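Please take these sequences and the hints and turn them into a complete structure.
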Amino acid sequence: MTDKSEQIGISSTYLRASTSSFTEFVRLIAPEALPGARLQAGQLGAQLPGGAGHLTAHATTIVALCYDGGVVMAGDRRATAGSMIAQNDIEKVFAADEYSVVGMAGAAGIGIELIGLFQLELEHYEKIEGAPLSLVGKANRLASMLRQNLGLAMQGLAVVPLFAGWDEAEHRGRIFSYDPVGGRYEERAYHSIGSGSVFAKSSLKKLYRAEFGADDAVMAAVQSLYDAAEDDSATGGPDQARQIYPVVWTADAEGVRRIGEDRIGQVVDEIVAARRARPDGPAAPVL
Amino acid sequence: MSMPFYVAPEQQMKDRADYARKGIARGRSVVVLHYADGILFVAENRSQALHKVSEIYDRIGFAAVGRYNEFENLRIAGIRHADFRGFSYDRRDVTGRALAGAYAQLLGTIFSSGAEKPYEVELIVAELGATAEDDQIYRLTYDGSVQDEKNFAVMGGSADAIAERVGEQYAQGLDLAAAVQLAVRALASDGDQPRQLGTDALEAAILDRTRTQPRKFRRLTADRLAGLLDSGADADSTPGPELVEAPEPVEAPEADPGNDATPGSSPQ
Chain A
1 MTDKSEQIGI SSTYLRASTS SFTEFVRLIA PEALPGARLQ AGQLGAQLPG GAGHLTAHAT
61 TIVALCYDGG VVMAGDRRAT AGSMIAQNDI EKVFAADEYS VVGMAGAAGI GIELIGLFQL
121 ELEHYEKIEG APLSLVGKAN RLASMLRQNL GLAMQGLAVV PLFAGWDEAE HRGRIFSYDP
181 VGGRYEERAY HSIGSGSVFA KSSLKKLYRA EFGADDAVMA AVQSLYDAAE DDSATGGPDQ
241 ARQIYPVVWT ADAEGVRRIG EDRIGQVVDE IVAARRARPD GPAAPVL
Chain B
1 MSMPFYVAPE QQMKDRADYA RKGIARGRSV VVLHYADGIL FVAENRSQAL HKVSEIYDRI
61 GFAAVGRYNE FENLRIAGIR HADFRGFSYD RRDVTGRALA GAYAQLLGTI FSSGAEKPYE
121 VELIVAELGA TAEDDQIYRL TYDGSVQDEK NFAVMGGSAD AIAERVGEQY AQGLDLAAAV
181 QLAVRALASD GDQPRQLGTD ALEAAILDRT RTQPRKFRRL TADRLAGLLD SGADADSTPG
241 PELVEAPEPV EAPEADPGND ATPGSSPQ
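Line order of the protein sequences matches chains A and B. So for the first sequence, the UniProt record's numbering puts the first residue at 1; every next one is plus one. So for the second sequence, the UniProt record's numbering puts the first residue at 1; every next one is plus one.
No lab work stands behind these hints: they were computed from the structure. Fair warning: this is a prediction, and the values are worked out from it, not measured in the lab. Cβ atoms here follow ideal geometry from the backbone N, Cα and C, with glycine treated the same way.
Estimated spans, in silico, between C-beta atoms of each pair:
1. A:T19 - B:A222: 27 to 33 angstroms
2. B:T109 - A:S144: 33 to 39 angstroms
3. A:N140 - B:K14: 48 to 54 angstroms
4. B:Q169 - A:H171: 44 to 50 angstroms
5. B:S145 - A:S21: 30 to 36 angstroms
6. A:P31 - B:Y6: 43 to 49 angstroms
7. B:Y19 - A:S21: 32 to 38 angstroms
8. B:D18 - A:G255: 48 to 54 angstroms
9. B:D134 - A:S83: 46 to 52 angstroms
10. B:Q105 - A:E270: 56 to 62 angstroms
Here it is as structure tokens:
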């Protein structure tokens with residue numbers, strides 16, 4: 001196996017390869033550097049009862065919802081290893097590029113690596129072609145990268161991403177969900193992934209309004225994470241003592257933006273204050 | 001049986017250098033210079049789609065003259081080099097110096113190997129440092145030699161004349177408008193009479209230190225460029241002789257076997 005440092009110069013492969021994909025290029029020059037390539041090296045893992053899933057921390061709940069003029073994605077900050085909390089300030093939602101965001105649940109180590117590669121993939125394409133991919137093109141690219149990860153998923157190292165962004169052509173925010181084998185599904189208004197997703201999605205189902213503006217959407221997203229944290233042990237609630245709050249990104253016609261800690265702090269304070277009076281959160285009418 | 005003629009290595013290298021230089025001399029020039037907030041690239045380029053200037057990485061820009069398909073190959077190789085290095089190590093470990101070194105090695109190998117024709121290109125790799133003192137401009141020629149340029153660099157057909165013009169008027173810490181105007185004046189001064197270069201004949205980009213995003217490279221759109229060219233143009237104290245309309249560039253007067261209609265083979 002060649003050492004990666006040997007490829008740091010420019011060999012003729014760099015001139016000849018006819019692809020705009022970074023992943024495909026790396027497969028030519030250093031296949032062992034790709035996440036999916038560990039399948040061969042990791043065959044042993046498949047023989048472990050229950051797979052290798054326990055070897056990595058797990059990231060949990062991500063929610064995304066469309067609003068009038070954009071899309072918001074939020075994630076809690078907890079990573080777990082079994083019943084232990086592995087990290088209380090992990091970040092699971094990132095800007096994928098200037099117009100899209102991506103979050104992940106599942107095997108944290110693989111997920112963060114996959115997202116890093118995905119970000120690079122989008123940037124690489126944009127630089128080489130001189131224009132960015134369409135939003136659906138980006139979503140499809142993520143699906144194919146996920147498919148390459150199938151071997152690891154089968155060993156218990158499954159990662160499930162959630163992708164959202166501003167569609168320049170259709171002039172609206174769009175959300176795409178995935179399954180561990182690379183199936184890609186477009187969501188209409190809102191979606192959630194991870195172990196707390198059942199609760200978060202139920203919460204959003206009651207709170208969501210199509211006419212939401214950005215502020216309402218951020219509020220609803222944080223409310224739903226709060227609800228997920230109440231019922232799912234792997235989802236962390238906001239930590240007011242340490243000022244560790246959910247990570248929230250929006251994407252609209254202006255591009256992506258991370259909502260500042262101060263702003264999220266205010267949202268969290270509001271929610272916690274309101275829940276003191278009404279612990280189950282805001283009510284929806286029966287009819 | 002006929003014996004091949006003996007050609008002295010000196011002669012061979014000279015022939016190859018002449019060949020490459022001739023190719024480069026047919027192309028329009030590019031000026032790269034420091035301005036107050038970063039590095040400016042201005043190229044005379046009548047194509048909106050085929051770029052002579054482009055982004056390589058967060059803080060690294062690329063400019064080229066010569067044969068389009070050759071420098072396009074080099075540009076893509078550079079992006080691959082930078083992205084792979086950033087992927088293997090860290091984004092901060094991608095440097096302009098390493099990229100210039102890699103290009104130099106590649107161009108040098110191609111130039112001195114008898115098997116391939118030399119590349120008819122010249123490149124500039126410019127890196128934005130944390131402060132103005134750390135900025136770097138590397139100029140690479142067809143034979144793989146690298147020069148670390150101070151303040152500005154010019155390459156292409158009339159590089160010497162244009163460089164002289166830039167050198168006369170260059171000052172440290174020019175603002176963007178002044179830098180753009182200087183570069184355009186210099187590019188237009190290559191003939192016997194200064195030509196008029198409009199935004200449709202120019203391609204411009206900056207590496208902007210004030211940009212908050214990690215990617216500092218930004219193209220200057222035609223509107224922005226027009227605004228920069230207009231601003232303070234009246235205050236310019238060097239009116240120069242009457243400007244004449246630029247004629248359409250006459251490409252490659254001599255017969256060039258590779259010069260067919262494809263964009264890849266016309267000198268840029």
